[in-house]
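Given the structure of chain A, go ahead and fit chain B onto it with the hints provided.
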Amino acid sequence: MLNHAIKRLFASVFVILGISLLLFVMLRSLPGDPAVVLAGEMATDEDIVLIREQLGLDQPVYIQYGRFLNRLIHFDLGRSARTQDPVIYDIKTRLPNTLLLAITATFLACLIGIPAGILSATKPHTWIDYLATSTALFGISMPVFWLGLMMVVVFSVILKWLPAGGTGGIEHLVMPSFSLAAFLIAFIARMTRASLLEVLSQDYITTARSKGLSEQCVISRHAIKNALIPIVTVIGLQFGRLLGGAVLTETVFAWPGIGRLLVDSITARDYPMVQGVILTFGLLFVLVNLIVDLSYSLIDPRITYD
Amino acid sequence: MTENDQTKTNDSPSGRIFAKFISNRIALVGLVLISSYVIVALAAPMIYPSDPNILNLNQVLRPPSAADFLGTDELGRSVLGRIIWGSRVSLSIAFVVVGVGMVFGVPIGLASGYYGGTFDFVIQRCTDVLLAFPAFLLALALIAVLGVGFINTVTSVAIAMIPQYIRLVRACTLSVKEQVYVEAAKTVGTNSFKILYRHILPNVMVPIIVQTTLNLGIAILFAAGLGFLGVGIQPPTPEWGTMLGAGRIYIFRAPHVATFPGLAIFLAVLGFNLLGDGLRDALDPRFKG
Numbered sequence: 284m285l286n287h288a289i290k291r292l293f294a295s296v297f298v299i300l301g302i303s304l305l306l307f308v309m310l311r312s313l314p315g316d317p318a319v320v321l322a323g324e325m326a327t328d329e330d331i332v333l334i335r336e337q338l339g340l341d342q343p344v345y346i347q348y349g350r351f352l353n354r355l356i357h358f359d360l361g362r363s364a365r366t367q368d369p370v371i372y373d374i375k376t377r378l379p380n381t382l383l384l385a386i387t388a389t390f391l392a393c394l395i396g397i398p399a400g401i402l403s404a405t406k407p408h409t410w411i412d413y414l415a416t417s418t419a420l421f422g423i424s425m426p427v428f429w430l431g432l433m434m435v436v437v438f439s440v441i442l443k444w445l446p447a448g449g450t451g452g453i454e455h456l457v458m459p460s461f462s463l464a465a466f467l468i469a470f471i472a473r474m475t476r477a478s479l480l481e482v483l484s485q486d487y488i489t490t491a492r493s494k495g496l497s498e499q500c501v502i503s504r505h506a507i508k509n510a511l512i513p514i515v516t517v518i519g520l521q522f523g524r525l526l527g528g529a530v531l532t533e534t535v536f537a538w539p540g541i542g543r544l545l546v547d548s549i550t551a552r553d554y555p556m557v558q559g560v561i562l563t564f565g566l567l568f569v570l571v572n573l574i575v576d577l578s579y580s581l582i583d584p585r586i587t588y589d
Numbered sequence: 200m201t202e203n204d205q206t207k208t209n210d211s212p213s214g215r216i217f218a219k220f221i222s223n224r225i226a227l228v229g230l231v232l233i234s235s236y237v238i239v240a241l242a243a244p245m246i247y248p249s250d251p252n253i254l255n256l257n258q259v260l261r262p263p264s265a266a267d268f269l270g271t272d273e274l275g276r277s278v279l280g281r282i283i284w285g286s287r288v289s290l291s292i293a294f295v296v297v298g299v300g301m302v303f304g305v306p307i308g309l310a311s312g313y314y315g316g317t318f319d320f321v322i323q324r325c326t327d328v329l330l331a332f333p334a335f336l337l338a339l340a341l342i343a344v345l346g347v348g349f350i351n352t353v354t355s356v357a358i359a360m361i362p363q364y365i366r367l368v369r370a371c372t373l374s375v376k377e378q379v380y381v382e383a384a385k386t387v388g389t390n391s392f393k394i395l396y397r398h399i400l401p402n403v404m405v406p407i408i409v410q411t412t413l414n415l416g417i418a419i420l421f422a423a424g425l426g427f428l429g430v431g432i433q434p435p436t437p438e439w440g441t442m443l444g445a446g447r448i449y450i451f452r453a454p455h456v457a458t459f460p461g462l463a464i465f466l467a468v469l470g471f472n473l474l475g476d477g478l479r480d481a482l483d484p485r486f487k488g
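These protein sequences, in sequence, are chains A and B. Residues in the first sequence are numbered from 284 upward in steps of one, following my numbering. Residues in the second sequence are numbered from 200 upward in steps of one, following my numbering.
Extracted from the complex, chain A is given alone in its bound form (with noise of 0.2 Å):
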């Protein structure tokens, strides 16, 4: 196990090390000169030549990688063209606000889905069965951004009952969560669904019926967990959809996170926040994976990685 940890952790210093190498070679393609785009439209020629020395633009392209690399283990994302602030300063800020929304929209999304789940695949080619598959089809088609701002019509706009954006107390929450929680739910009641289906067609299942068990024993104590490897799975495959999500709902209900964030600097053209930012989902989305791939064995103790 300690191992196959270990291997892991490797493979995704790899993975990481190839994104910032991606977003390296993706900021040096941008048309014109790098530091002229750093430094943004404000800058002054004397801004942009200390933008050039100080980012090593004169260096082969290799010492500017070696510089870029040192500068991120030390956590230095360069500053803000549009504020001048760090980068790893904003992206501290902020990131908590994304966090709260993805934890909270992937509990609602268990909470919900696997119930569903398991509701529609011990009662299947039933009317809860059709009513569950069908509105996880919808789940999976709706827009995240339509369906806040939908949402907002209906719970802000009619009803009253929900603030339409912002932050503060839990009611600022509920929106963006269950908007970007819907794809999710839908998701992991498919998942559920199948995988439940599959194990409930297993031998030991019978017997386990066959020695009398209640029918709801029989789920909750076998089948769910032997169901459980490919619902951990899916979540963590659906995470980066999930991020990028945020990103929408973000922009939708005015959720200050870094989803908001990128999409501001994006327009603004602040390329050292882009790429921080973009560094930042790129690690979450890995250390999501990374977890969910170790997990596996503390789920099924059959599973080993000798």
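By construction, these hints were calculated from the structure, which means they are not laboratory data. One or more of the hints may lead you astray.
Unchecked claim - One-sided excerpt, in silico: chain A residues whose CB lies under 8 Å from chain B:
1) Trp429
2) Met433
3) Val435
4) Leu531
5) Val569
From a predicted model like this one, the values you see are computed outputs, not experimental measurements. Just so you know, even glycine gets a beta-carbon here, dropped at the ideal spot from N, CA and C.
Just chain B now, with coordinates in the frame of chain A:
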């Protein structure tokens, strides 16, 4: 057609697939939805002959009525007219994006799976890095570098889609290349290129077709998402996401401006998802329906 001919058609593999697909009502709903969109896109100049970009500042933010079936937007333009013309833009983006994704992703995936070795290792590590970015964020990052507009939207979403094709096709190729008929082709001296295109490609087409149908929906969602954020297709081009993004500001005064383009996106994506699910059930023998 005689009864005998009918039986023969149903007994052939394509006949069985067609019969299975037709018997799936949900898949048929998807087919009808997508066919309707394609017809509307092709016949847009006949269905709504006026220019969808013409301003009418005396008619701004009018609610749905008999004169304007889905109301007007912030510049007095017909929302219905722009949705109809927008179907051309959104469907074009989806088809071009998926086409580009396939043109690059399928041959690379085939070669990576078939040849293996260093080539496969390098391609897979590059794919790992691209897949380490959530696809929509990769498209956003590319937009940040390339800039906004039709070509750049298509390019960025297509690049985000290529690694998915590479991974899928490689996985299928790894399995197919071990089959006896591939070994037989190698034994009789068939060259690698011929083996890849004559023997392996036709046998990995089923997952490619299914994934492509689902990817068309994803491409519409991505392009609409970029348009919504203001970094995709630029106004006044009637693209559904861009229309939704512009209508967002008026959500309290005139919710119809954002509601109907969003509904158009939702139904198109739903159509592709239903069609993709139906095709998978019909084409893949592992799914018994």
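Evaluation of the provided hints:
{"no.": "1", "hint": "Trp429", "verdict": "holds, 3 Å"}
{"no.": "2", "hint": "Met433", "verdict": "holds, 7 Å"}
{"no.": "3", "hint": "Val435", "verdict": "holds, 6 Å"}
{"no.": "4", "hint": "Leu531", "verdict": "holds, 6 Å"}
{"no.": "5", "hint": "Val569", "verdict": "holds, 6 Å"}
Checked against the numbered hints given earlier, this structure breaks none of them.
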